[in-house]
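Student: Residue numbers (this note's numbering), protein chains in the order written: chain A, 2 to 503; chain B, 11 to 147; chain C, 176 to 670.
Everything labelled a hint here was simulated from the structure, so no lab data went into it. There may be inaccurate statements among the hints.
To be verified - Below, a list of computed lysine-lysine pairs in the PhoX-like style, where the Cα atoms sit at most 25 Å apart: (1) C:656 <-> A:72; (2) C:612 <-> A:172; (3) B:120 <-> C:482; (4) C:283 <-> B:120; (5) C:287 <-> B:120.
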Amino acid sequence: MINFMALELRPLYAVLVSLIASGLIYVLGEHIRPNAREAITMVAAVCKAVIVYSLIPAVLAGTEIKLEVFKIVKGVSFAFNVDPAGMVFACVASTLWILTSIYSIGYMRGHGEQNQTGYFAAFAMCLCAATGLCFAGNLITFFIFFEVLTVATYPLVVHYRDAEGTVSGRKYLAYTLISGQIFFAAIVIVYSVSGTMDFVPGGFITKDMLPMPWALVVFFMMIGAGIVKAGVMPLHSWLPAAMVAPTPVSALLHAVAVVKAGAFCTLRVVLYVFGPEMAKACYGADILAWMAVFTIILSSFIAMRKYNLKARLAFSTVGQLSYIVLGICILTPYSTAGALYHIVAHAFMKITLFMAAGAIFVTTHKKDIREMVGIGKRMPVTMMAFTAASIGIAGFPFFVGFVSKANIIMGAVSMGKPVFVATLIASALLALTYLMPVVLVAFKKNVDNPEFDEGGDAAPAMLIPLVITAVISIILGIAPNAGLHLFDLAVMAGNQIFTPLM
Amino acid sequence: MMTLINTFLADKGIYMLTLLLLSLGVAGVIVCNNYMKKLICMNVMQVAVIFFFLCLGQKSPGTIPVAMDTVVKASDYINPLPHGLMLTAIVVSLGTTGVGLSLLLRIREKYGTIEEDDMLRREELMTRVEKNGGKRD
Amino acid sequence: MTNLIGNTPVLIILLPLCSALLCLALTAVSKNLGSLVVKISCLGSLVLSVIQLCMVVSGGTIHYAIGNYAVPYGIEFVIDSLNAVLLVAFSLMGFLTVIFAGNFSDNKNHFKTAGAYAELALLITGILGMTSTGDVFNLYVFLEITSLSAYCLISLGGSRGVVSAYRYMLVGTIAATFYLLGIGILYATTGTLNMGDMSNILNEGGHDGAMLVAMCFLIPAFGIKMALFPFHGWQPSAYTHAEPGSRPLVTGVMGKVPALAMFRFFYCIYGTDFRFFRIALMLLGILSVIGMIYGSLMAMGQNDIRKILAYSSVAQIGYISLGFAIGTPIALAGSFLHMLGHAFMKGGLFFCTGAIRYKYGTVDINDFGRIYKKMPLTCGLLVIAALSMIGIPPTAGFFSKWYLALGAAGQHEWIYIAVLVLSSLLNAVYFFRLIEKVFIRQSSDLKTRWESEVLELPVTLIIPIVACFLAILGIGLFNVKIIDVLLMTLEGVGL
Chain A
2 MINFMALELR PLYAVLVSLI ASGLIYVLGE HIRPNAREAI TMVAAVCKAV IVYSLIPAVL
62 AGTEIKLEVF KIVKGVSFAF NVDPAGMVFA CVASTLWILT SIYSIGYMRG HGEQNQTGYF
122 AAFAMCLCAA TGLCFAGNLI TFFIFFEVLT VATYPLVVHY RDAEGTVSGR KYLAYTLISG
182 QIFFAAIVIV YSVSGTMDFV PGGFITKDML PMPWALVVFF MMIGAGIVKA GVMPLHSWLP
242 AAMVAPTPVS ALLHAVAVVK AGAFCTLRVV LYVFGPEMAK ACYGADILAW MAVFTIILSS
302 FIAMRKYNLK ARLAFSTVGQ LSYIVLGICI LTPYSTAGAL YHIVAHAFMK ITLFMAAGAI
362 FVTTHKKDIR EMVGIGKRMP VTMMAFTAAS IGIAGFPFFV GFVSKANIIM GAVSMGKPVF
422 VATLIASALL ALTYLMPVVL VAFKKNVDNP EFDEGGDAAP AMLIPLVITA VISIILGIAP
482 NAGLHLFDLA VMAGNQIFTP LM
Chain B
11 MMTLINTFLA DKGIYMLTLL LLSLGVAGVI VCNNYMKKLI CMNVMQVAVI FFFLCLGQKS
71 PGTIPVAMDT VVKASDYINP LPHGLMLTAI VVSLGTTGVG LSLLLRIREK YGTIEEDDML
131 RREELMTRVE KNGGKRD
Chain C
176 MTNLIGNTPV LIILLPLCSA LLCLALTAVS KNLGSLVVKI SCLGSLVLSV IQLCMVVSGG
236 TIHYAIGNYA VPYGIEFVID SLNAVLLVAF SLMGFLTVIF AGNFSDNKNH FKTAGAYAEL
296 ALLITGILGM TSTGDVFNLY VFLEITSLSA YCLISLGGSR GVVSAYRYML VGTIAATFYL
356 LGIGILYATT GTLNMGDMSN ILNEGGHDGA MLVAMCFLIP AFGIKMALFP FHGWQPSAYT
416 HAEPGSRPLV TGVMGKVPAL AMFRFFYCIY GTDFRFFRIA LMLLGILSVI GMIYGSLMAM
476 GQNDIRKILA YSSVAQIGYI SLGFAIGTPI ALAGSFLHML GHAFMKGGLF FCTGAIRYKY
536 GTVDINDFGR IYKKMPLTCG LLVIAALSMI GIPPTAGFFS KWYLALGAAG QHEWIYIAVL
596 VLSSLLNAVY FFRLIEKVFI RQSSDLKTRW ESEVLELPVT LIIPIVACFL AILGIGLFNV
656 KIIDVLLMTL EGVGL
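Here chain A stands alone, though its shape is the one from the complex (with noise of 0.2 Å):
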């Protein structure tokens, strides 16, 4: 008899649910109507919260949650393993899947969008793939996963239909599907000379494995896949180019799914399969930390001279993901746990940002900056909320980022690398040029601009979400453990991938 509720099938369910989801939202497609659409989408989403949510004492506990659930190729399982780091990310994709659905109904309904069915069913699938990223226990379950949020998040960027959008959704594939093949071919090579493919904290590469110039290259084989999705320049532009999808869909790529995927997989990579010894000895830590450094001032520079305000973000989304990427690569505890919060931290500042443009865009249809003049007038509340995730990407403290960035900075302090400070610290005043002009704008007192007098601020369905994720992230930031242990997961894996060392 099989126990269905044992914690070591939770993490199948997990990804079970929103695979279902998926298949019945597309099955059933026109068939239904928009309510029942709807109606999967957040069962789903609750469902999946509620699950990965049950995890979190044990993996706090430091039980090991491990299910091979039948062999996928000769000799490796289908496996998931649920860890901290796994558990963070996961935790933030379901509590945002549930955030961003209400969002969603809103915007769709706002919006009168077309291709309903085929947005909430790739939506699901999507973060199906994410959770299944989280849990994977493996290289292979890992890609699988990793491939299916390639596959399912094109229809989400091609969502329009039209020529911009084709443009796009093949630059996405160009760079997604390029970066994923030659990641595919580093796990053969990966396998064929280890004969493993376990996540190990601490990694399971040995120098006997791969000689030296050997190993950089399939570092940057592996590595590739991962930085082409969090969009470390130059292989970003595909980010700002998806940026012609519908707000939510855009909330989804930046906040929650794609990016952070490509930031969780640098980290896998650099931390569960090379582990710090050989990241460090093959040199590709310090060259990808340095490619980071050198994303983070530029696409800040970039973002300053972007006036649509989805590609200002988009530039910011560059620039914060690269935090994770230096964070993982500084390779110290600190800023391990550092990277791994900041995953948090700025999945509800950014996602409370788009959410807020979105809203601005479906209740006033202004995309630009320069016409949002005095628009905190008539949206006070979701102002208000950019506001604070702004200060937050800052790095302000009692705001979320502070801590992640605190950490970074002083995995950065005691590895003795000035000039990853000064960078760290610089970027927090870039961001504050380049996000602080919107909210001057908004709220700029003396003038009176007739088109916002009246209205009122957005529909409910938008603005909850928005200022939960916004309340979310002040709350965090005052107590970085309320609720969810996020802070506590974050540093328990950075202890893991570094206590065999010490």
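Starting from the structure of chain A, add chains B and C where the hints point.
Tutor: Chains B and C in isolation, oriented as in the chain A frame:
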């Protein structure tokens, strides 16, 4: 030297001839422009292989493989297997030729020619007509 | 009952053969009886081949001497685990095609329909026969049965079809003649036609010269039949213009069986100890690599979906022969997994095109705008099959690529891995182009020929589509079971 050539020809000469016949056939199938000639060359090619097998089955002190009271040793008969095989091969080649001929009839019916050049021209014309007529302009 | 089970190897082939012969006669009795008998016989073959697979898995290789003539004098059928798996896939594909073909028959001329069914049944006979046989000459006979019925089926596809069939026939006959010559040389050397026996005699050594010459004839022979680059010239037009009802079988399965025969000659008869084996493998590898890239590049330039798929077959056959060229058991298993998977992918894609053609009468991808709204099921299969062709997990194509790449890595053939990656990317270009047309392009006003509120297509079209969908995912997710069964045989023969 001459004896060497002679023995070679006596032993292997017939194989050289079948090889020549085979090459002729293959070359014909490739080179000929007329589809009927291609079919004939195809037959030549098949016959060459049949000869090859029959030559294999031949040996000089041997008789036809029909059991006789006077000949009791198996080694006195020639090997019947290649002949049996070739009966099958002949049937197959007959079938192929039949199919080929009927296809040729259909080609002639539809294109009015069995010359490859003419047909290619006709096909090009058909493609152009399809492109213009098949879809709205 | 025990008799029935004991004779499964031959019954699997006899059923479609008899139905082919009876089909026309029965049609004279009642107009649908003939095709019904063909369908039932194909179902029978399918059931028997499944039973046989179970027997092989539990009891090991089956040796069946036809008519109880002692081996090696009589004809022997050898069903090892490899054959058994392939037989199931091929007979399933045959059965699906037979069901599917009913929608494309000529309703006025029942005898013409019955003739097409008879040819289809003969094609299935030939394919199943080639898969089961353990006798090199018997293989030739089945090869010719397959080819002759294929010529006829291709010629049924209109005037272009006749010309492509004729060209195919000429090239195909050259292949058959070369094959006959090759086995003639081997027969002259060994004096036997039984594969196992021949292998034993050849492995005693000292026959390298004759084996080399025979191989020079056999490689082009199989190359032509399986449409391996550069012998593929006949294939695109033949696949494009084949009779629509039989196209899935012709395109999905027909090219695979000669590949199996090639494997048998390379690995089971010649064996890895053959002096020129490595050179032959290298040659095969070069051909496969060029074919994989060339086929994909050609497919990119086409607008007719049938042509796209035909050229993509040239590339996909390259995957299969690449596995043979790598030669380790795991790579060979990858090849066979790809053979299985590709039968359903390519067959499935042609089921889709057939269904779209049935409903809207078009094959130009520029007319496919947003067709997914009208045919969600068909487009679902289209997407899954296309993803599988590219090699996106968890579809069948990914896993065959995985084993191929793993085998290549084991042999340190890094260039093969690079080509696999490149080829998947090229596949992605034209398959995403197709997906773009189906999902993004503005819809064009197509006139539907099938009106129904409930179903998008007739049931006989939906069954093959759903079956292929499940098969592609099933082969992907449960590949380990298949690989284990395949390895039962392959462990002994690879490098």
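Student: Which of the listed hints are broken here?
Tutor: Hints that this structure does not satisfy do not exist here, as all of them hold.
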